[in-house]
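So the sequence shown is numbered by our numbering: it starts at 26 and just counts up by one.
Don't read these hints as lab results, they were simulated from the structure.
If you're wondering where the values come from, they're calculated on a predicted model, not measured in any experiment.
All C-beta atoms, glycine included, are put in the ideal place defined by N, C-alpha and C.
One or more hints might be untrue.
[Said to hold, decoys possible] Per label pair, the in silico range of CB-to-CB distance: (1) Arg183 / Pro61: 45 to 53 Å; (2) Ala200 / Gln110: 43 to 51 Å; (3) Pro119 / Gly167: 41 to 49 Å; (4) Gly26 / Ser75: 41 to 49 Å; (5) Val205 / Asp86: 47 to 55 Å; (6) Ala131 / Asp49: 20 to 28 Å; (7) Val206 / Lys60: 54 to 62 Å; (8) Thr140 / Thr35: 25 to 33 Å; (9) Ala145 / Ala37: 43 to 51 Å; (10) Ala145 / Phe106: 29 to 37 Å; (11) Asp49 / Arg183: 31 to 39 Å.
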Amino acid sequence: GFEIAGAADTGAEAVAIAEATRPDVALMDIMLHGKPEGIDAACILRDELSIPVIYLTAHSDAATLHKAKLTDPAGYIVKPFEDTQLRVALELAPARHAMDQRARQAARLLSATFTSVGDAIIATNIRSEVILLNPAAERMTGWTQEQAAGKPCSEVVRLKHHDTGALQEDPATRALRQGVVVQLDPNIV
């Protein structure tokens with residue numbers, strides 16, 4: 026029930042066929058002759074051509090699996106395989122790829138919104154460790170996103186009472202601990 030767009034022995038041939046035919050999904054062996062190798066060719070198909078890749082290979086050792094995982098494949102089938110395994114992977118790959126594309130688009134939109142807001146925004150995890158700082162928060166705290174990521178919010182956000190100079194607990198930690206929305210006193214800077 027599937028139409029085959031082409032077959033290739035090398036990564037370069039696989040990429041050329043994919044560029045010419047734009048298949049819905051590519052079946053790729055990890056080990057291909059020449060350059061690029063299978064994993065590198067899969068990255069080109071995914072990143073440059075937006076084609077989901079299913080690995081169909083005899084290689085299942087830990088090192089190969091680790092390298093393959095980094096390419097975010099749509100599937101990984103180890104030879105010998107059952108026809109139903111292949112059919113299911115082929116049916117699911119385009120849908121999974123479309124969901125991944127929508128998630129990436131939403132993340133780009135959220136990132137653009139987050140960075141363009143003029144107010145300082147600091148996102149934390151449930152342990153009150155900084156996940157994200159927008160540019161306004163970087164200016165306010167003096168920390169860059171890279172420096173702050175994973176640090177306790179209380180270390181990054183140093184708020185003082187305007188009149189007394191006393192350090193105040195950061196609002197994220199207090200909100201997480203008490204489970205309430207925290208309103209900042211206007212005298213806190």
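Of all the hints numbered above, which does this structure not satisfy? Sort the numbers upward. The structure breaks hints 4, 8, 10 and 11; every other hint is satisfied.
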